[in-house]
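S.K.: Chains A and B supply the protein sequences, listed in that same order. Numbering follows the numbering used here, with no gaps: position 42 of the first sequence is 42. Numbering follows the numbering used here, with no gaps: position 75 of the second sequence is 75.
Simulated from the structure, these hints should not be mistaken for laboratory data. Just so you know, even glycine gets a beta-carbon here, dropped at the ideal spot from N, CA and C. Don't take every hint at face value.
Said to hold, decoys possible - Per the computed footprint, the stretches of chain B lying under chain A, defined by three or more beta-carbons under 8 Å from a beta-carbon of chain A, are:
#1 10–24
#2 54–62
#3 68–76
#4 82–92
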Amino acid sequence: MTVVTYVLYGLIGGGALLALVRLAWGPSLLDRVVATDTLLVIISAGLAVYAALERDPTVVPVLVVVSLLAFVGSVSIARYVGGMLRRSASGDGRDLGLPQAAEEREARS
Amino acid sequence: MTAVVDVVAMACLLAGAFLCLTAGLGLVRFPDVLSRMHAGTKPQVLGVLLVMVGAAIRLHGWSNVWMLLLVAAFQLLTAPVSAHMISRVAYRRRHVRRDLLLVDEFDADQQQSGDAPADAGPEPPATAGRG
Chain A
1 MTVVTYVLYG LIGGGALLAL VRLAWGPSLL DRVVATDTLL VIISAGLAVY
51 AALERDPTVV PVLVVVSLLA FVGSVSIARY VGGMLRRSAS GDGRDLGLPQ
101 AAEEREARS
Chain B
1 MTAVVDVVAM ACLLAGAFLC LTAGLGLVRF PDVLSRMHAG TKPQVLGVLL
51 VMVGAAIRLH GWSNVWMLLL VAAFQLLTAP VSAHMISRVA YRRRHVRRDL
101 LLVDEFDADQ QQSGDAPADA GPEPPATAGR G
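Sequences are here, hints too, so could you generate the full structure?
M.R.: Rendered as structure tokens:
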């Protein structure tokens, strides 16, 4: 049983660390949003694993809060970034001249 | 009996935790936002469902089971919405590696009129035609 415990915490901790690596590296804002979303899901999975291993139902309401926070955070940042898009002045609804993405800048240099 | 139930619960928890690790690996290894999102969504649905099933087996009492079911339902409802919004903004901000796309149905060459974006800020006030 203890071996299973170590393996479970190791797998979840490894996933959280790799998501943190992407959160630190991520060349664009949206990469960080995706990494934060995944990190919150991994955190809620870790809380559920803790609750299951210890048979401790104290952290179960926290799971609901974390899962809702992940949704609200990612949607609000996505709408905020979408509001940064520039519209053309001619009024035909087309986008123009978006801010240059970090990957393109990196690929060009 | 309890041993068998515990083994099933541990198998579910292990599968969910393994999906969490694969999400982290995919986030680090994949090239652009859309494919990273593909990797990161793995534990969002299947991983959380497996972990919730394992925790619901281990925890006793119906209140815990209902709350875990609520978490799973929230995940199932909200994951497509947030993924849709993030991927649309990612495409329109050109965070997508277009050379890696096999089919690009939003390509401007194949499309007659630009798609009207829904959340690109407020429209400029229409002054023409109002006199």
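S.K.: Looking back at the hints listed earlier, which ones does the structure fail to meet?
M.R.: No hint contradicted; all consistent.
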